[in-house]
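Turn these sequences into a full structure, and let the hints guide you.
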Amino acid sequence: MDDLVNISIGNAGVIALLGYLVVFLGLVLLMVVIMIMGKIMVAKAKKAQAAAAAEAPAAPAPVPKEPAPGTAGELKLYDTDPRDAAMIMAIVADTLGKPLNELRFKSIREVKDDEI
Amino acid sequence: MDILGTLQKLGMESGFAAFFLTDGGWKNLIMILISFGLLYLGIVKKFEPLLLCGIAFGCLLSNLSYFVGMGANALYHPELWEAFLDETSPYFHSYGHIMSNAGLLDFFYIGVKAGIYPSLIFLGVGAMTDFGPLLSNPKSLLLGAAAQLGVFVAFFGAVLLGFTGPEAASIGIIGGADGPTAIYLTTKLAPQLLGPIAIAAYSYMALIPLIQPPIMKLFTTDKMRKVKMEQTREVSKTEKIVFPIVVATFVILLLPSTAPLVGCLMLGNLFRECGVTDRLSDTSQNALMNIVTIFLATSVGATMVAQNFLNFNTIKIIVLGLCAFAISTIGGLVGGLVMYKTSGGRINPLIGSAGVSAVPMAARVAQDVGRKYNKTNFLLMHAMGPNVAGVIGSAIAAGFLLSVFGG
Numbered sequence: 008m009d010d011l012v013n014i015s016i017g018n019a020g021v022i023a024l025l026g027y028l029v030v031f032l033g034l035v036l037l038m039v040v041i042m043i044m045g046k047i048m049v050a051k052a053k054k055a056q057a058a059a060a061a062e063a064p065a066a067p068a069p070v071p072k073e074p075a076p077g078t079a080g081e082l083k084l085y086d087t088d089p090r091d092a093a094m095i096m097a098i099v100a101d102t103l104g105k106p107l108n109e110l111r112f113k114s115i116r117e118v119k120d121d122e123i
Numbered sequence: 020m021d022i023l024g025t026l027q028k029l030g031m032e033s034g035f036a037a038f039f040l041t042d043g044g045w046k047n048l049i050m051i052l053i054s055f056g057l058l059y060l061g062i063v064k065k066f067e068p069l070l071l072c073g074i075a076f077g078c079l080l081s082n083l084s085y086f087v088g089m090g091a092n093a094l095y096h097p098e099l100w101e102a103f104l105d106e107t108s109p110y111f112h113s114y115g116h117i118m119s120n121a122g123l124l125d126f127f128y129i130g131v132k133a134g135i136y137p138s139l140i141f142l143g144v145g146a147m148t149d150f151g152p153l154l155s156n157p158k159s160l161l162l163g164a165a166a167q168l169g170v171f172v173a174f175f176g177a178v179l180l181g182f183t184g185p186e187a188a189s190i191g192i193i194g195g196a197d198g199p200t201a202i203y204l205t206t207k208l209a210p211q212l213l214g215p216i217a218i219a220a221y222s223y224m225a226l227i228p229l230i231q232p233p234i235m236k237l238f239t240t241d242k243m244r245k246v247k248m249e250q251t252r253e254v255s256k257t258e259k260i261v262f263p264i265v266v267a268t269f270v271i272l273l274l275p276s277t278a279p280l281v282g283c284l285m286l287g288n289l290f291r292e293c294g295v296t297d298r299l300s301d302t303s304q305n306a307l308m309n310i311v312t313i314f315l316a317t318s319v320g321a322t323m324v325a326q327n328f329l330n331f332n333t334i335k336i337i338v339l340g341l342c343a344f345a346i347s348t349i350g351g352l353v354g355g356l357v358m359y360k361t362s363g364g365r366i367n368p369l370i371g372s373a374g375v376s377a378v379p380m381a382a383r384v385a386q387d388v389g390r391k392y393n394k395t396n397f398l399l400m401h402a403m404g405p406n407v408a409g410v411i412g413s414a415i416a417a418g419f420l421l422s423v424f425g426g
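If you read the protein sequences in the order shown, they are chains A and B. Okay, so the first sequence: first residue is 8 according to the working numbering, each after it adds one. Okay, so the second sequence: first residue is 20 according to the working numbering, each after it adds one.
Just so you know, the hints here were simulated from the structure itself, not pulled from any lab data. A quick note: this is a predicted structure, and the numbers were derived from the prediction, not measured. Just so it is clear, CB atoms sit at the ideal spot from N, CA and C, and this is done for glycine as well. Among the hints, erroneous ones may be present.
Unchecked claim - Some but not every residue of chain B turned toward chain A, in silico, with C-beta under 10 Å:
(1) 90
(2) 91
(3) 165
(4) 241
(5) 255
(6) 257
(7) 265
Written out as structure tokens, the structure is:
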């Protein structure tokens, strides 16, 4: 124990190296676990989708709606006021220097300060 | 009644007299000025105000009320805690002795000493954190690991500067850019350094927008900074619910010393994601977090009594802390550069700098710097992956140091 309190420079170097390796090892293993988990979930979701598609009666394919000229496409808003959304889209279009009808906004979500 | 004698007694017992009559009383005056400076930084400059205001006021209170040899009315008694930690003292690890002699801030400090407040803060952080970006791009974990470089380089540097092993470990963890982890580890390994380490950790976290951009520019080219990253896949609700359970199980089994921090972080996240504990999630994120922040900040500030704080070690800690932060940023950027090369230029290396766990400040800095070079670039969600990976990484680094030096 005293060796660790009054630690030599050599021991400190070894501990520093070992510590960095342990952090890497821990997070690499965690990454593998998360990747496997993700693969399982994606596979399950695909299976469920396929099953749902097979069960559904054959319906005529929906005709994709052509966005009206001058619109920014279909937009989903989450916790965002439509007026704010309109302002954001206008600012983005202005910043990019492109007309709004050439842009497609998919969704706008408010990221709160305390939200990570 | 001896009015003159009473007035004389009142005068002699006052703090004004203590500045000049007690041993080192003038040092309290300096600490009071330092607390004013910290209050200025918190209130006017808005440097981590929620914590810095409490820390500064705790420092003010303890230095107004505690003078060497005049501790009867003190709110915080360093000598009680020295006896608590001294193996030869009859009061070694005696909370009874603390409780029967404590001032208000000593009572608050029991929560720090027992590791309760940092763990509860982690509960709140878990409830506020969306791990979705990490789940959609698990390789971000590598950047979170790479950005712990500063922890171990600063640890080594602190040993070179003459600190003991446990002290060096506590100083090194500043590089993790994670206040509660730094406080937790320091309380366990080197409580005498808690004041300067907490101040260094929170000050540098607030200064991330100044510290990181020059390093980011130094380690990347214009072409790299302009890289636009592809949108990552959507993460299902089930994945988000399973994630905290898997991480808690896996990390705690791997490093049991991380259990208080990782356990609380993941419990808070489970409250957030499971969908049936909204009230608990809300309490963890708001009411509980705010209450614990008050206790944590004031009691950490209280440890900044003049006799412990005003020495050359504090300056060394401040310098080492800055180096730790900068080197952690470099570590993350180097990790980002490796990923940029191996991915054929599809990953923007700037997101590596967010591997330090100052959430969400470091991710915002990556976003801002990226946008400066490519106005159509939105790196924020890509940077959040390494950012939250850094929280887990710094908890693992702290767990490692605790298992090595914690006895």
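These are the hints, each one checked on the structure:
no., hint, in the structure
1, 90, "violated (29 Å)"
2, 91, "violated (34 Å)"
3, 165, "holds (8 Å)"
4, 241, "violated (20 Å)"
5, 255, "holds (6 Å)"
6, 257, "holds (6 Å)"
7, 265, "holds (6 Å)"
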